Amino acid sequence: MSVPDYMQCAEDHQTLLVVVQPVGIVSEENFFKIYKRISSVSQISVRDSQRVLYIRYRHHYPPENNEWGDFQTHRKVVGLITITDCFSAKDWPQTFEKFHVQKEIYGSTLYDSRLFVFGLQGETTEQPRTDVAFYPNYEDCQTVEKRIEDFIESLFIVLESKRLDRATDKSGDKTPLLCVPFEKKDFVGLDTDSRHYKKRCQGRMRKHVGDLCLQAGMLQDSLVHYHMSVELLRSVNDFLWLGAALEGLCSASVIYHYPGGTGGKTGARRFQSSSLPAEAANRHRPGAQEVLIDPGALTTNGINPDTSAEIGRAKNCLSPEDIIDKYKEAISYYSKYKNAGVIELEACVKAVRVLAIQKRSMEASEFLQNAVYINLRQLSEEEKIQRYSILSELYELIGFHRKSAFFKRVAAMQCVAPSISEPGWKACYKLLLETLPGYSLSLDPKDFSKGTHRGWAAVQMRLLHELVYASRRMGNPALSVRHLSFLLQTMLDFLSDQEKKDVTQSLENYTCKCPGTMELLTLPGGPTLPPVPFTKLPIVRHVKLLNLPASLRPQKMKSLLGQNVSTKSPFIYSPIIAHNRGEERNKKIDFQWVQGDVCEVQLMVYNPMPFELRVENMGLLTSGVEFESLPAALSLPAESGLYPVTLVGVPQTTGTITVNGYHTTVFGVFSDCLLDNLPGVKTSGSTVEVIPALPRLQISTSLPRSAHSLQPSSGDETSTNVSVQLYNGETQQLVIKLENIGMEPLEKLEVTSKILTTKEKLYGDFLSWNLEETLAQFPLQPGKVATFVVNIKVKLDFSCQENLLQDLSDDGISVSGFPLCSPFRQVVRPRVESKPVNPPEGSKPGDLSHVKTLEAILNFKYSGGPGHVEGYYRNLSLGLHVEAEPSVFFTRVSTLPATSRQCHLLLDVFNSTEHELTVRARGNEELILHAGEYQRMAIQVDKFNFESFPESPGEKGQFANPKQLEEERQEAPGLDIDSKLDVHWRIPSLKRTGEASVEGLLNQLVLEHLQLAPLQWDVLVDGQPCDCEAAACRVGDPVRLEVRLTNRSPRSVGPFALTVAPFQDHQNGVHNYDLRDAVSFVGSSTFHLDAVQPAGRSACLGALLFLYTGDFFLHIRFHQDSASKELPPSWFCLPSVHVRALEAQA
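First residue of the sequence shown? That's 1 in this note's numbering, and the numbers climb one at a time after it.
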């Protein structure tokens, strides 16, 4: 026997072998349709008995194996069923002849046979025959199963007769010697009358009868016969048959202990034999009850029921432990015979199946190891494949998964051996797939993303390479790409640099013909291959959703409760709400994206490859909102380290969008990489709200961009920064073009400004504009432009330093002799150098060339479209960087009295520029200053009534602090004086002009001199006021002098006494008061005024007589009485009286 049956199991010893074969030409489909119905009748109960008969069907059985039927009866073909097609009565004789030829192949062992004929109809079919059954077709054959049952009953009758015939002790007849094929030549010439020969014959016959009893369903009888056979054969050292007897004993014991079978068949066999003990429930566990039967109790119908007296004579059923020992012993006997290799191999397989049920894996592995080294004849490639496959299944059965995978892989390689003319690559691929679990290898990349790597990476890589090659030879490049992608993704850490290059090169070659996709691939046989995303090419370490740029970030309009106050709960704090917000914060981000605007997600990626990695078509994977991903392509240097990559896209609808991952194309393989499947990825959240679309405003200005980046303290960011250089006091227009570059109309616009913290004090409005003209162009449609004009006015302190303001008592330079009614100038200190060289600290006039920096932000708050309806707006900020260069400085200020209603304001002006400059006040001539030159200018100004200035508005009075209100009250006079002076400077060479403010120059003393006194004194000469020009009179004519007092104070004043003292000014600093010969008073030189009530008036009159011609001045002095001492001196400011006496008319 040379063809092993690897599917053999211990319970097959109780079956009858029936061969089912076609005769003539029968389609495979029809044959197996009937074969399936025939094989369904695998056991029947014997009539009038509790025994069960088991049938084993085979559609192919080597005739040489049938020759071993005497050795083990379950190998003997006892039944033959043939199936044939016959459609004509003419063909029937030939068909029947073929049936007889088929029977002759197994004729020596057949008990009975049947022929099933399909397609034949007519008289032939009506002849009653027991061995032939006619059916019109393969569908109309309902009685197949019934005929098979009848056939099996006929087999049982023959079997039972043979059992009875062999079991009957015929004294006097010689027991024939049963032999295996290779023994026949060895027994020629032996002494058949010797005792040794007779025992051999009896022992083999007992073993043969035991096989027949086991097939006939008489388990306990077979056990007795096996035991008797073992004793007889052991005594004569008949080792081959002794092994068979021991194997039969083991098989019967296995059938008893494991009624469910050891071959893995579903459903437990139900034994109905009367020979089974009542304690059947104890059969499953080791050491089950052993039944002791005396051989003399055997009868032709089985064991004598009255066996109580014979118990203890012999052991019948083996314990589970003894079964294995007997198997080992039997196999050791088989191994002595070279021609019994198949028997030995099948015995090992049966023992392994028993040990698998007993969960004794290590012992089972010893049997299998023995089976591996059993040498059979030269096997064909198909037989080798079958052998290795069965070894693999048996190793899998005992839990040796890696060993099982090894033999299955050997079987796979055998499928494509060089000696095979047509290699079976599909079979090879299928077997290789089955080896994966044994090597801890799964084709799902998710199994490799958690925990440490399992299995031997080197073996796994070898296996994956073989899968790639096999799938390519199968003509399925998609499978090759998928397996190679899996190899690169899961085994990347175990590949050397050269292997990485080789694998990627191979992958690119494959993907040129068949690009890798994310689709499921269906394998031959049904299973599917999951997609393999390249999450390691590149490796992503961090994912961050980026907020929109500051100029595009949407902001929600504040409600009455405030922006940060939630109206969902009436409580200030709720721990439940706080807890929910904490959970939501882990996923949802606290900023918003805008429909239709480009949004960004930043990834920190790493290239693990030793060469440059080109990533194509990299984009975002999102859900929840319709999203247009804008793919990017990048090239990462070799082992780049963390490298930032920004992926962009545009949400097309509103709602909540979730960034699920990203997609790439690397080496021709398209991958969808989900964040949930990326181990070790840090993310601050992946869900963000998309609000309705808003317009987009772009600004461009007439000024150049600034290199300075403003850093506002509030954290606002400026989208554009412009810079301008201005002289102090200069004003320039900033023209801003507002362009709507979005897709929604711009409907609302608010403009505010914010001056950043500066140490410099600004006077007036730094930035001013009129928004009404711009709003008249709204709504601004997409693509349209509106113009907005902003006036930039730099007005800093024009004083050189804080302590330069001098007291009025130190006028510095005498101005006597100058006509006080007109402006005058005098060069005070010519400036030789542009900058002083280390002046003394006390006299240092300040850093006159220092450039002051002013920074401000223009805020454009705008909205429109659907976003405006939902209450959202945007902020766009323009940063303004102004460098203010000094123009003119007022180094000194003082006043000189002119009249009671006017005075002269003296200003020392310094030109700090490098150009010639002119200064002019309202109504005065221009004063020319060269670069670095000081000059004094005098400006005649009307005195001011500061008491009439309005108070601060009520709103300011409610919310402003008292200190601020006091500062505004003190600054109000300076602002009014500056507006009336209207001092301007001009640089002709540059064609630039500006203001020169005196707001910060005027101290309290100067202001008192510029203020109208509460007592207004008016002096009239001949009824004409004498404040401006000299009053003319004739020598000898009396001149009437009137002094008027108007009381504007809230109190009553007076009485007063005034004395008039005439004098002449010689223009050399000498005043001559001794004018008794030149001026005479008509009446007294002392005037008296009575008390004047508030808002009341009073006047006194006198007269003078000038005796000579000339210019005379009248000095009016108050008497030092109690009434004048109570009032401040500034209340008694009378104008100077200038009288010019002319020649008398002839």
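One or more hints might be untrue.
[Unchecked claim] With a Cα cut of at most 30 Å, we get these calculated DSBU-like pairs of lysine-lysine:
#  : residue 1 : residue 2
1  : K761      : K450
2  : K403      : K384
3  : K328      : K33
4  : K737      : K558
5  : K336      : K184
6  : K103      : K33
7  : K336      : K174
8  : K761      : K784
9  : K174      : K90
10 : K761      : K682
11 : K328      : K199
12 : K754      : K784
13 : K338      : K328
14 : K748      : K852
15 : K338      : K403
16 : K991      : K793
17 : K146      : K90
18 : K450      : K403
19 : K384      : K338
20 : K852      : K754
21 : K513      : K446
22 : K784      : K759
23 : K185      : K336
24 : K748      : K784
25 : K359      : K426
26 : K943      : K980
27 : K328      : K359
28 : K162      : K199
29 : K384      : K450
30 : K737      : K748
31 : K36       : K513
[Said to hold, decoys possible] Pair by pair, the computed Cβ-Cβ distance ranges are:
#  : residue 1 : residue 2 : range
32 : S702      : R1048     : 22 to 30 Å
33 : F448      : E750      : 20 to 28 Å
34 : H850      : E612      : 25 to 33 Å
35 : L990      : E612      : 55 to 63 Å
36 : E750      : H850      : 34 to 42 Å
37 : K588      : E750      : 28 to 36 Å
38 : D140      : S623      : 57 to 65 Å
Hints listed in this document are in silico derivations from the structure and should not be mistaken for laboratory results. Owing to the predicted nature of the structure, the values given are computational and were not obtained by experimental measurement. We put the beta carbon where it would ideally sit given N, CA and C, even for glycine.
Checklist entry - If you draw a straight line from the CA of K336 to the CA of K184, is it 30 Å or shorter? => result holds (17 Å)
Next on the checklist: Can you confirm whether the C-alpha distance between K328 and K359 stays at or below 30 Å?
Outcome noted: holds (17 Å)
Checklist entry - Holds or violated: K761 with K784, Cα cutoff 30 Å? => result Violated, at about 39 Å.
Item to check | Whether the CB-CB distance between E750 and H850 falls inside 34 to 42 Å | outcome: Given range 34 to 42 Å: holds, Cβ gap about 36 Å.
Item to check | CB-CB spacing for E750 and K588 relative to the 28 to 36 Å hint | outcome: holds (30 Å)
Next on the checklist: Quick check: does the Cβ-Cβ distance between S702 and R1048 fall within 22 to 30 Å?
Outcome noted: violated (52 Å)
Next on the checklist: Hinted pair, alpha-carbon criterion (30 Å max): K185, K336. Please report holds or violated.
Outcome noted: holds (18 Å)
Checklist entry - Is the straight-line distance between the alpha-carbon of K450 and that of K403 30 Å or less? => result holds (26 Å)
Item to check | Restraint check for K359 with K426, where alpha carbons must lie at most 30 Å apart | outcome: violated (34 Å)
Item to check | Hint consistency between K384 and K450 [alpha-carbon to alpha-carbon, up to 30 Å] | outcome: violated (39 Å)
Checklist entry - Holds or violated: are the alpha carbons of K162 and K199 at most 30 Å from each other? => result holds (21 Å)
Item to check | Restraint check for K784 with K759, where alpha carbons must lie at most 30 Å apart | outcome: violated (41 Å)
Going down the numbered hints, you'll see the structure goes against 1, 3, 8, 9, 10, 14, 22, 25, 29, 31, 32, 33 and 34, while the others check out.
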